[in-house]
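Trainee: As a plain string of letters, each chain reads:
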Amino acid sequence: MITIKDSCIGCEKCIPVCPVDALKIEGKLAVVDEELCISCGVCVSVCPVNAIEPVLMAKKADFSKYSGVWIYAEQHAGKLKPSGPELLGKGRELADEVGEELCAVLIGKDVNGLTDELKSYGADKIYVVEGDEYKDYSTEAYTTAMVTLISKYKPSMVLYGATHLGRDLAPSVAGHLGLGLTADCTGLSITEVEDRKVLLQTRPAFGGNVMADIICPNTRPQMATVRPHVMIPLEPDDSKSADVIKETIPVSPDAIKTEIIEVLEPEDSEEVSVDEADVVITGGRGVGNDLDSFEILEELAVLLKGTVGCSRPIVEADILSKSKQVGQSGKTISPELYMVCGVSGAVQHRVGIRGSKYIIAINKDPKAPIFDMADFGIIGDLHKILPILKSKIEQKKSSEK
Amino acid sequence: MNGECMKFVVCVKQVPDTTEVEVDPETGTIIREGVPSVLNAFDEFALNVAVQLKESIDEDVEITALSMGPPQAKDALTKCLAIGADKALLLTDRVFAGADTWATAVTLARSIKKLGGADVIFCGQEASDGNTAQVGPEVAAHLGITQLTFVSEIEKIEDKNIICKKETDEGFLRTRCPLPVVIACMPTPGFLPKIPNMRDIIKGKRKPYEEWGFDDLGGEEEDYGLEGSESVVVRTYSPPPKGEGIIIDDEPETAVNKLMEYLEKEGIL
Ligand SMILES: Cc1cc2nc3c(=O)[nH]c(=O)nc-3n(C[C@H](O)[C@H](O)[C@H](O)COP(=O)(O)OP(=O)(O)OC[C@H]3O[C@@H](n4cnc5c(N)ncnc54)[C@H](O)[C@@H]3O)c2cc1C
Ligand SMILES: Nc1ncnc2c1ncn2[C@@H]1O[C@H](COP(=O)(O)O)[C@@H](O)[C@H]1O
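Listed in order, the protein sequences are those of chains G and W. All letters in the first sequence, in the order written, are residues 1 to 401 by the working numbering. All letters in the second sequence, in the order written, are residues 1001 to 1269 by the working numbering.
These are computed hints drawn from the structure, not numbers from a lab. Values in this document were obtained by computation on a predicted structure and should not be read as measured data. Treat the hints with care, as some may be off.
Taking lysine-lysine and the DSS-like style, the derived pairs with C-alpha atoms no more than 30 Å apart in a straight line are [unchecked claim]:
1) K367(G) <-> K1258(W)
2) K367(G) <-> K1265(W)
3) K246(G) <-> K125(G)
4) K1265(W) <-> K357(G)
5) K390(G) <-> K1258(W)
6) K1113(W) <-> K28(G)
7) K396(G) <-> K1258(W)
8) K1054(W) <-> K322(G)
9) K1113(W) <-> K392(G)
10) K1265(W) <-> K396(G)
11) K401(G) <-> K1265(W)
12) K305(G) <-> K1265(W)
13) K246(G) <-> K152(G)
14) K24(G) <-> K1113(W)
15) K322(G) <-> K1156(W)
16) K81(G) <-> K1113(W)
17) K135(G) <-> K1160(W)
18) K5(G) <-> K1114(W)
19) K384(G) <-> K1265(W)
20) K392(G) <-> K1265(W)
21) K1156(W) <-> K135(G)
22) K1165(W) <-> K109(G)
23) K1258(W) <-> K357(G)
24) K390(G) <-> K1265(W)
25) K1114(W) <-> K13(G)
26) K1114(W) <-> K384(G)
27) K135(G) <-> K1205(W)
28) K1265(W) <-> K13(G)
29) K397(G) <-> K1265(W)
30) K367(G) <-> K397(G)
31) K305(G) <-> K1258(W)
32) K397(G) <-> K1160(W)
With the rest of the complex left out, here is chain G:
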C-alpha cells in the first residue's frame, strides 16, 4: 500500500505510471484505490514532491488463493541463462509434490522465441512480458512486472537464480510485496507444517560453516533465490507443450531511474563464466606472476571443457580479470570438478568453493589449508605435475576415439 500526503500538488505524474490503474485525481489531489494497489512503488519514485510514501506491511496471506510454482527465467540479450532450466528441474519436482502447475516467467524485449526452450525443460505455463522498457534489465521495470504478475496470478512459490540479477530483483520484489525471502538456497523440498505443505529452504550461512533450514510460513508466495549450478535441469524434450500467456505491463520511462552509460563487458566474454562452468581449473599465486604461467591451466581447461579461475592476488596483479576470481569477493561456484593449483586455501577463497562436487588440490606445501577441503590432493610442484596430467588426459582421450 501507499499513502498520499497533503503535500500532493495534483500534478498527475503518478496516474499514468500505475500499472494497475489504482490512482486517480479527486478534487485536485491524487487518491489511491486500496483494493487495486499492489505496492509496486512506481508512483513513489515519480512523485516530484515526495508526497507518496510506501506503507509496506507483511501480508498474512489467505493461502487457499495461492497456487503454482513459478520460476524466473533469466535471459540476457535474448539468450536464456542456465538458471531457468535448472530451476525448472527442481520446480517440476516441487510442483508435482504439491500438485500445482509449474510456470516460467520470461521478461525482456523480443524474447518470445525462448518459450520453446522453456517448454522443453518442463514448464506447464509461460508468462511472457515483453516491451521496449524491458530491453535492458532495470530493477524498477522488472520489479513492477513481477509484482504485477504475482499480484494477479498468486503463485504459491517463486524461485529465482541467485545470480547478480536474481539477487537484485528478488529482494526488491520481496520488499515491495512484504514477503519473506531466503537467499542463495542449495536445497529445496516440501515439508508439512500444521497440515500445510510448505517450502523447506536449505542454505549455507556464515560462509558455509553453518547450514540452516528455513520456512516462510505466513506469507505467500514463498520466495527463494537458488544457487546456480546446484539444481539439475531435466533432459529437454521438444514434444512437450505449454500454455504461453502474454501480458502487457507498460512501465513509464520516468519510473526507470537507472541509466546505463556504458557496457563494460569483460575481455573474455566469449567463454563460459566460472560460476556456470562444469569444470573450473583455478590457479593461485603458486602458478606464477604472469599470464604465460597460466597457459598450462588454460590448456587443461580446454581439454576438460571447462574454464580457468583464479585467487584474488592474481586479479590484483592484473594477470586475469576480476570475472575469474573465485571466493568471498569474487564468484561463488559449484562445479562438478574444481581443480585448484597453487592456492593456499585462505578462508575467503574456501567459502566460494564449498558447493563443488569434487575438489582436487595441488600444492607443494603439505600444510596448505586447501588440503582440508580436497577430495584428492597432490603434494608437489604444479609446474611438474600439470604437464604430465595434461599429456595423460590427452592420451586417454585419443585412445577413446
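Since chain G is already given, all that's left is putting chain W with the ligands on it; use the hints.
Mentor: The following block gives chain W with the ligands in isolation, referenced to the frame of chain G:
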C-alpha cells in the same frame, strides 16, 4: 534532499568472525561464546567509499554510520567514527532482536526516515554472517527509492546524480542514477581498508554517538525483531563433513597416475 548539506548513511553490521563460527552438535545452535566480533568487511569497504566520495565533493557532506544490533555493536560504530563517519547511531532494543532481513530493513528504513532521509544510503553487498545480500534492496523498497547493487566504484556525484560502476553477471556497467539511492557495495580487488591511527581514534571518540530503541522508532512491537520476521529458521546444523580426502605425496608421475585412476573411478573422466 532537505537541509543544507548532503547526507550519506552507511549501514554497518557487527558480525562474528566467520572463520570461527561452529554449530554445537548437541543443541544445533550456533556457538557465539568466545567468537570475536568484527565490522563486516564489505561494510567497511562501503564506509571507505563513502568517505572518499565525501572528500571528492565540494559540498558539505555528513556521514552517519547506522547499525542495528546488541549494545556491543557500539564497537563497530566506534571504528566507523575513527575511519571517518561524522556521527553514529545504534538501534538497540530487545524488541529488535531476532530480525530477519525484512524486519531489519523495516527498522533501518524507519530510522533513516526519522533522521530526515539521506541522499545516498550505503550498504555492504552482503554481511558475512547471513550472506543474504537482501537488506540493502529491502531498505530501498521501504523508502520507495531505487537501488544499485554490486557497486564496485563510485565515480562522482554530479547534478544530484550518482555515477558508478557495477558488476553484473556479464561484466560491468557504468550507470547514472538520480539521488536518493541505496548503493550496495562490493569490494574491488586490491582494496585495503584505511587503518585509523591514534589521532583518528581520539577524534572519533569525540564525535556524536546516539542510541535509539523501540520508543524512538514507534510503530507496533510486532513490526520488529523475531515477531516482525517472515522467515523462520527451523534448524541449524553443521554441513555434512567432506569425507577424508586422499592426499598423495609421491613422485609427480606416480601421483598423476593415482589421480587419473581416481578420476576414472569416480567417473569424472
Ligand atoms: C575481504 C577479503 C576478501 C577476499 N576475497 C577473496 C576472494 O574472493 N578470493 C580469493 O581467492 N581470495 C580472497 N581474499 C584473499 C585471501 O585472504 C588470500 O590472500 C588469497 O586467497 C591467497 O591467494 P593464493 O592462495 O593464490 O596465494 P598464497 O596464499 O600466496 O598461496 C600460494 C600457494 O601456492 C603454493 N605454491 C607455490 N608455488 C607452488 C608450486 N610451484 N607448486 C604448487 N604449489 C605452489 C604455496 O604453497 C601456497 O600455498 C580476500 C581477502 C579479504 C581480506
Ligand atoms: N543489523 C544491521 N544493521 C545495519 N546494517 C545492516 C544490518 N544487517 C544488514 N545490514 C546492511 O545490509 C547489508 C547486507 O546484509 P545482508 O542482507 O544481511 O547480507 C550489510 O552489508 C549491511 O550494510
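Trainee: The structure should be examined with respect to each hint, and the outcome stated for every one.
Mentor: Here is what the structure says about each hint:
1. K367(G) <-> K1258(W): holds (21 Å)
2. K367(G) <-> K1265(W): Measuring from Cα to Cα gives roughly 27 Å; hence the hint holds.
3. K246(G) <-> K125(G): holds (11 Å)
4. K1265(W) <-> K357(G): holds (15 Å)
5. K390(G) <-> K1258(W): holds (14 Å)
6. K1113(W) <-> K28(G): holds (27 Å)
7. K396(G) <-> K1258(W): Roughly 14 Å between the alpha carbons, so the hint for K396(G) and K1258(W) holds.
8. K1054(W) <-> K322(G): This hinted pair holds, its Cα atoms lying about 27 Å apart.
9. K1113(W) <-> K392(G): The hint is violated at about 64 Å.
10. K1265(W) <-> K396(G): Measuring from Cα to Cα gives roughly 14 Å; hence the hint holds.
11. K401(G) <-> K1265(W): Satisfied, since the Cα-Cα distance of roughly 20 Å is no more than 30 Å.
12. K305(G) <-> K1265(W): Given pair K305(G), K1265(W) holds - Cα atoms ~19 Å apart, limit 30 Å.
13. K246(G) <-> K152(G): Holds, because 13 Å separates the two Cα atoms, which is no more than 30 Å.
14. K24(G) <-> K1113(W): With Cα atoms ~27 Å apart, K24(G) and K1113(W) stay inside 30 Å; holds.
15. K322(G) <-> K1156(W): With Cα atoms ~22 Å apart, K322(G) and K1156(W) stay inside 30 Å; holds.
16. K81(G) <-> K1113(W): Outside the cut-off at roughly 38 Å; violated.
17. K135(G) <-> K1160(W): holds (26 Å)
18. K5(G) <-> K1114(W): Status holds; Cα separation ~16 Å.
19. K384(G) <-> K1265(W): holds (24 Å)
20. K392(G) <-> K1265(W): Since the Cα atoms of K392(G) and K1265(W) sit roughly 15 Å apart, the hinted pair holds (cutoff 30 Å).
21. K1156(W) <-> K135(G): holds (26 Å)
22. K1165(W) <-> K109(G): holds (24 Å)
23. K1258(W) <-> K357(G): Status holds; Cα separation ~19 Å.
24. K390(G) <-> K1265(W): The hint holds at about 18 Å.
25. K1114(W) <-> K13(G): Holds. K1114(W) to K13(G) sits at ~27 Å (cutoff 30 Å).
26. K1114(W) <-> K384(G): violated (63 Å)
27. K135(G) <-> K1205(W): Violated: K135(G) and K1205(W) sit about 50 Å apart, past 30 Å.
28. K1265(W) <-> K13(G): The given pair, whose Cα atoms are some 66 Å apart, is violated under the 30 Å limit.
29. K397(G) <-> K1265(W): Given that 30 Å is the threshold and the Cα spacing comes to 16 Å, the pair holds.
30. K367(G) <-> K397(G): violated (34 Å)
31. K305(G) <-> K1258(W): holds (22 Å)
32. K397(G) <-> K1160(W): Status violated; Cα separation ~60 Å.
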